[in-house]
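Numbering (our numbering), first residue to last: 6 to 98.
Simulated crosslink set (PhoX-like; lysine-lysine; CA at most 20 Å straight-line): (1) Lys40 <-> Lys71; (2) Lys32 <-> Lys54; (3) Lys14 <-> Lys28; (4) Lys14 <-> Lys36; (5) Lys71 <-> Lys54; (6) Lys28 <-> Lys40; (7) Lys14 <-> Lys30; (8) Lys14 <-> Lys40; (9) Lys32 <-> Lys14; (10) Lys54 <-> Lys30; (11) Lys54 <-> Lys14.
Because the hints were derived from the structure by calculation, they are not lab data.
Values in this document were obtained by computation on a predicted structure and should not be read as measured data.
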Amino acid sequence: MPTKFINIKVIDISSQGARISSKYKFKRKTKIIFKIKIKGGLTWETPAKIMRLYDHQEFGVTFDHKQHDLIDQIMHSEDDFSVSHLVINGKIY
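Please work from the sequences and hints to get the whole structure.
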């Protein structure tokens, strides 16, 4: 499978999931890898699923495992973390 990227905007994030905005049309229960870059070049990846469709551009993501360390890093970071990438069914978007 070829790899391509899609940028998303993180609207809200917690240790259990995130609310994102994207022009990409996700389907409910799509398995993804949620990838986020934070201060210092640290990249965080975690398996997740699209679980909610709020409207045509906002989606709810549930992480497969709680991400307390990620939230700690974000809270200690002064960097903007709103642009992320997703891996959907093996493809990086």
